[in-house]
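Construct all of the structure, not just a fragment, from the sequences and the given hints.
2 protein chains.
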Amino acid sequence: MKGRKFTEKERQILADIIIHRRTEFGRNFTSQEIPDTVIETLLSAALHAPSVGFSQPWEFVIIRDSLIKAKVKASFMRENQKAKEIFKNRPFYNQILLEGITTAPVNIAVFYKPSPHPVVGQTSMDKFGPYSVCLAIQNLWLMARAENIGLGWVSILDEEEVKTILNAPRENELIAYLCIGYVTEFTERPLLETLNWEKRKLKETVIYCDNYDHQRELIG
Amino acid sequence: MKGRKFTEKERQILADIIIHRRTEFGRNFTSQEIPDTVIETLLSAALHAPSVGFSQPWEFVIIRDSLIKAKVKASFMRENQKAKEIFKNRPFYNQILLEGITTAPVNIAVFYKPSPHPVVGQTSMDKFGPYSVCLAIQNLWLMARAENIGLGWVSILDEEEVKTILNAPRENELIAYLCIGYVTEFTERPLLETLNWEKRKLKETVIYCDNYDHQRELIG
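First to last, the protein sequences are chains A and B.
With our numbering, letter number 177 in the first sequence gets 177, and the count goes up by one each step, no holes.
With our numbering, letter number 116 in the second sequence gets 1116, and the count goes up by one each step, no holes.
A portion of the hints provided could be inaccurate.
Result set (BS3-like, lysine-lysine): computed pairs, CA atoms no more than 27 Å apart in a straight line [as the list claims (entries may be wrong)]:
#: 1; chain 1: B; residue 1: Lys1084; chain 2: A; residue 2: Lys199
#: 2; chain 1: B; residue 1: Lys1113; chain 2: A; residue 2: Lys82
#: 3; chain 1: A; residue 1: Lys163; chain 2: B; residue 2: Lys1203
#: 4; chain 1: B; residue 1: Lys1127; chain 2: A; residue 2: Lys199
#: 5; chain 1: A; residue 1: Lys5; chain 2: B; residue 2: Lys1005
#: 6; chain 1: A; residue 1: Lys84; chain 2: A; residue 2: Lys71
#: 7; chain 1: B; residue 1: Lys1088; chain 2: A; residue 2: Lys88
#: 8; chain 1: B; residue 1: Lys1088; chain 2: A; residue 2: Lys113
#: 9; chain 1: B; residue 1: Lys1009; chain 2: A; residue 2: Lys9
#: 10; chain 1: B; residue 1: Lys1199; chain 2: B; residue 2: Lys1082
#: 11; chain 1: A; residue 1: Lys84; chain 2: B; residue 2: Lys1113
#: 12; chain 1: A; residue 1: Lys199; chain 2: B; residue 2: Lys1002
#: 13; chain 1: B; residue 1: Lys1082; chain 2: A; residue 2: Lys113
#: 14; chain 1: A; residue 1: Lys127; chain 2: B; residue 2: Lys1203
#: 15; chain 1: A; residue 1: Lys113; chain 2: B; residue 2: Lys1127
#: 16; chain 1: A; residue 1: Lys127; chain 2: B; residue 2: Lys1005
#: 17; chain 1: B; residue 1: Lys1201; chain 2: A; residue 2: Lys113
#: 18; chain 1: B; residue 1: Lys1203; chain 2: A; residue 2: Lys113
#: 19; chain 1: A; residue 1: Lys73; chain 2: B; residue 2: Lys1127
#: 20; chain 1: B; residue 1: Lys1199; chain 2: A; residue 2: Lys113
#: 21; chain 1: B; residue 1: Lys1002; chain 2: A; residue 2: Lys127
#: 22; chain 1: A; residue 1: Lys127; chain 2: B; residue 2: Lys1127
#: 23; chain 1: A; residue 1: Lys127; chain 2: B; residue 2: Lys1073
#: 24; chain 1: B; residue 1: Lys1009; chain 2: A; residue 2: Lys5
#: 25; chain 1: A; residue 1: Lys127; chain 2: B; residue 2: Lys1082
#: 26; chain 1: A; residue 1: Lys203; chain 2: B; residue 2: Lys1084
#: 27; chain 1: B; residue 1: Lys1084; chain 2: A; residue 2: Lys127
#: 28; chain 1: A; residue 1: Lys163; chain 2: B; residue 2: Lys1127
#: 29; chain 1: B; residue 1: Lys1088; chain 2: B; residue 2: Lys1073
#: 30; chain 1: A; residue 1: Lys88; chain 2: B; residue 2: Lys1113
#: 31; chain 1: A; residue 1: Lys84; chain 2: A; residue 2: Lys199
#: 32; chain 1: B; residue 1: Lys1199; chain 2: A; residue 2: Lys2
#: 33; chain 1: B; residue 1: Lys1127; chain 2: A; residue 2: Lys82
#: 34; chain 1: A; residue 1: Lys127; chain 2: B; residue 2: Lys1201
#: 35; chain 1: B; residue 1: Lys1201; chain 2: A; residue 2: Lys163
#: 36; chain 1: B; residue 1: Lys1005; chain 2: A; residue 2: Lys9
#: 37; chain 1: A; residue 1: Lys203; chain 2: A; residue 2: Lys82
#: 38; chain 1: B; residue 1: Lys1009; chain 2: A; residue 2: Lys127
#: 39; chain 1: B; residue 1: Lys1073; chain 2: B; residue 2: Lys1163
No lab work stands behind these hints: they were computed from the structure.
So, in structure tokens, the structure goes:
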């Protein structure tokens, strides 16, 4: 095989990073600044993600300005009121801190920028543009964990409001609003699992063999 | 900080895996079988991805059956006819092999399974369900690269046809159709970059500071 060959030991490090990655809900951020060089490392990981037709349809806004953060937080507060109504039968919802917008030193808004010309691989289903941006976000997330930096993805937002706050081009689509910063702790398990809000699914319930008629027998 | 602390050397290995990951377009697959233990490693990476509200809304169909592959390939052929029409002014399109469905020993169809109840973080924008599945796919893709296994994402397909072929539940959404296998080569650069079909974007053109009024000055 031509190309860089990875070893069992190197695979184990990737597995470790994947397994120890967490969603930071906002409780554990410290105020320690993230150096620009580290932000570059995170962005570099994102920019080397795969994208449909090598279209690289991503744009990143690195936010440190507290006034902008405050406006985004206000949008979160409004949207979360609606969510509280939806979860009114699970009052525990109110006790979960769901964002670290103003406590994280850095926020990153990630956008999908549609291509002005047809893209190889995007002709049958347009959604692969936004999906490519998600792949970049996961690269960034894993690199953040490797840098021992916590990351939370805030999804309880009004997309149009955030676009207005950031003066985003009309055609852009908000894919993610990320809060990042050093943390006091990476918990052993995901918070919503610890709180017993959701259970981890059994592997055998989500894996099929050849088609949906055959649930897969797992080994090991 | 509580939790696993990663070192500079470990970060470098992650960066190496990210940088050396490629999209395999189908030319380089070998017929070497992928052991079940390796498939488990790939799936385990996927299953440890983040997901909105810890909803884990993913399902995987591991396909080795050549009849099923042939049916999916036929769907690709039909869809690619439409794409050829779109790119008729770039006749070079016809020369790019865009899939390895029947040459790859294993295909994996990845689906989004909507939750029957409201999901934390998915109340304002429903799209975070499918996006979570994309994060799982990137974990799987990086682990495949660490296993020295090539992966291609076939997106020129008719979603409803693929769902019918795989007997997928009506509510499921096809997120990705992956071709995976050992390869003769991981190329130094992405194929579409080498072919000069698309250029790598300059970092400074996709990164902004605080809002879209300020393009970011980059360091280093």
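Structure-based check of all given hints:
Pair hint B:Lys1084 plus A:Lys199 does not hold up; C-alpha atoms about 46 Å apart against a cutoff of 27 Å. With a C-alpha separation of about 24 Å, the suggested pairing of B:Lys1113 with A:Lys82 holds against the 27 Å cut-off. At roughly 21 Å between alpha-carbon atoms, A:Lys163 and B:Lys1203 fall within 27 Å of each other, so this suggested pair holds. Restraint check: the Cα-Cα separation between B:Lys1127 and A:Lys199 comes to about 22 Å, which is no more than 27 Å; the hinted pair holds.
Our distance criterion of 27 Å between C-alpha atoms is met by A:Lys5 and B:Lys1005, whose separation comes to about 25 Å. Our distance criterion of 27 Å between C-alpha atoms is met by A:Lys84 and A:Lys71, whose separation comes to about 20 Å. Of the pairs offered as hints, the one joining B:Lys1088 and A:Lys88 is violated, with about 55 Å between alpha carbons and a cut-off of 27 Å exceeded. For the hint linking B:Lys1088 to A:Lys113, the alpha-carbon distance of about 24 Å falls within 27 Å, and the restraint holds.
In summary, the hint linking B:Lys1009 to A:Lys9 is supported, as the alpha carbons are separated by about 12 Å, within the 27 Å threshold. Taking the CA atoms of B:Lys1199 and B:Lys1082, the gap is about 24 Å. The hint holds against a cut of 27 Å. For the hint linking A:Lys84 to B:Lys1113, the alpha-carbon distance of about 24 Å falls within 27 Å, and the restraint holds. With a C-alpha separation of about 24 Å, the suggested pair A:Lys199 and B:Lys1002 falls inside the 27 Å cut-off, and the hint holds.
At roughly 24 Å between alpha-carbon atoms, B:Lys1082 and A:Lys113 fall within 27 Å of each other, so this suggested pair holds. Restraint check: the Cα-Cα separation between A:Lys127 and B:Lys1203 comes to about 24 Å, which is no more than 27 Å; the hinted pair holds. Of the pairs offered as hints, the one joining A:Lys113 and B:Lys1127 holds, with about 16 Å between alpha carbons and a cut-off of 27 Å not exceeded. This hinted pair does not check out: A:Lys127 and B:Lys1005 have alpha carbons roughly 36 Å apart, beyond 27 Å.
A distance of roughly 13 Å separates the Cα atoms of B:Lys1201 and A:Lys113; the hinted pair therefore holds under the 27 Å criterion. Between the alpha carbons of B:Lys1203 and A:Lys113 the distance comes to roughly 14 Å, so the proposed pair stays at or under 27 Å and holds. For the hint pairing A:Lys73 with B:Lys1127, the CA-to-CA distance comes to about 21 Å; that is within 27 Å, so the pair holds. This hinted pair checks out: B:Lys1199 and A:Lys113 have alpha carbons roughly 16 Å apart, not beyond 27 Å.
Restraint check for B:Lys1002 and A:Lys127: not satisfied, since their Cα atoms lie roughly 39 Å apart, outside the 27 Å limit. For the proposed pair A:Lys127 and B:Lys1127, the alpha carbon gap of about 10 Å is at most 27 Å, so the pair holds. A distance of roughly 21 Å separates the Cα atoms of A:Lys127 and B:Lys1073; the hinted pair therefore holds under the 27 Å criterion. With a C-alpha separation of about 17 Å, the suggested pair B:Lys1009 and A:Lys5 falls inside the 27 Å cut-off, and the hint holds.
Between A:Lys127 and B:Lys1082 the CA atoms are separated by roughly 17 Å; this keeps the pair inside 27 Å, and the hint holds. A C-alpha spacing of about 40 Å is found between A:Lys203 and B:Lys1084, which places the hinted pair above 27 Å, so the restraint is violated. Restraint check for B:Lys1084 and A:Lys127: the C-alpha separation of about 19 Å stays at or below 27 Å, so the hint holds. A threshold of 27 Å between alpha carbons decides the hint, and for A:Lys163 with B:Lys1127 the separation of about 17 Å falls inside it, so the pair holds.
Note on B:Lys1088 and B:Lys1073: the hinted pairing holds, with a Cα-Cα distance of about 22 Å set against a maximum of 27 Å. Under the criterion of a C-alpha separation no larger than 27 Å, the hint pairing A:Lys88 with B:Lys1113 is consistent with the structure, at around 24 Å. A distance of roughly 21 Å separates the Cα atoms of A:Lys84 and A:Lys199; the hinted pair therefore holds under the 27 Å criterion. With a CA separation close to 24 Å, the supplied pair B:Lys1199 and A:Lys2 stays within the 27 Å bound.
Using a Cα cut-off of 27 Å, the hinted pair B:Lys1127 and A:Lys82 holds, with the two alpha carbons roughly 17 Å apart. Distance check on the hinted pair: A:Lys127 and B:Lys1201 sit about 21 Å apart at the alpha-carbon level, within 27 Å; holds. Distance check on the hinted pair: B:Lys1201 and A:Lys163 sit about 23 Å apart at the alpha-carbon level, within 27 Å; holds. Proximity of B:Lys1005 to A:Lys9 is assessed by CA-CA distance (about 17 Å); at most 27 Å being required, the pair is judged to hold.
Under the criterion of a C-alpha separation no larger than 27 Å, the hint pairing A:Lys203 with A:Lys82 is inconsistent with the structure, at around 33 Å. For the given pair, B:Lys1009 sits about 36 Å from A:Lys127 by alpha-carbon distance, which is inconsistent with the 27 Å threshold. Note on B:Lys1073 and B:Lys1163: the hinted pairing holds, with a Cα-Cα distance of about 14 Å set against a maximum of 27 Å.
Checked against the numbered hints given earlier, this structure breaks hints 1, 7, 16, 21, 26, 37 and 38; the rest are met.
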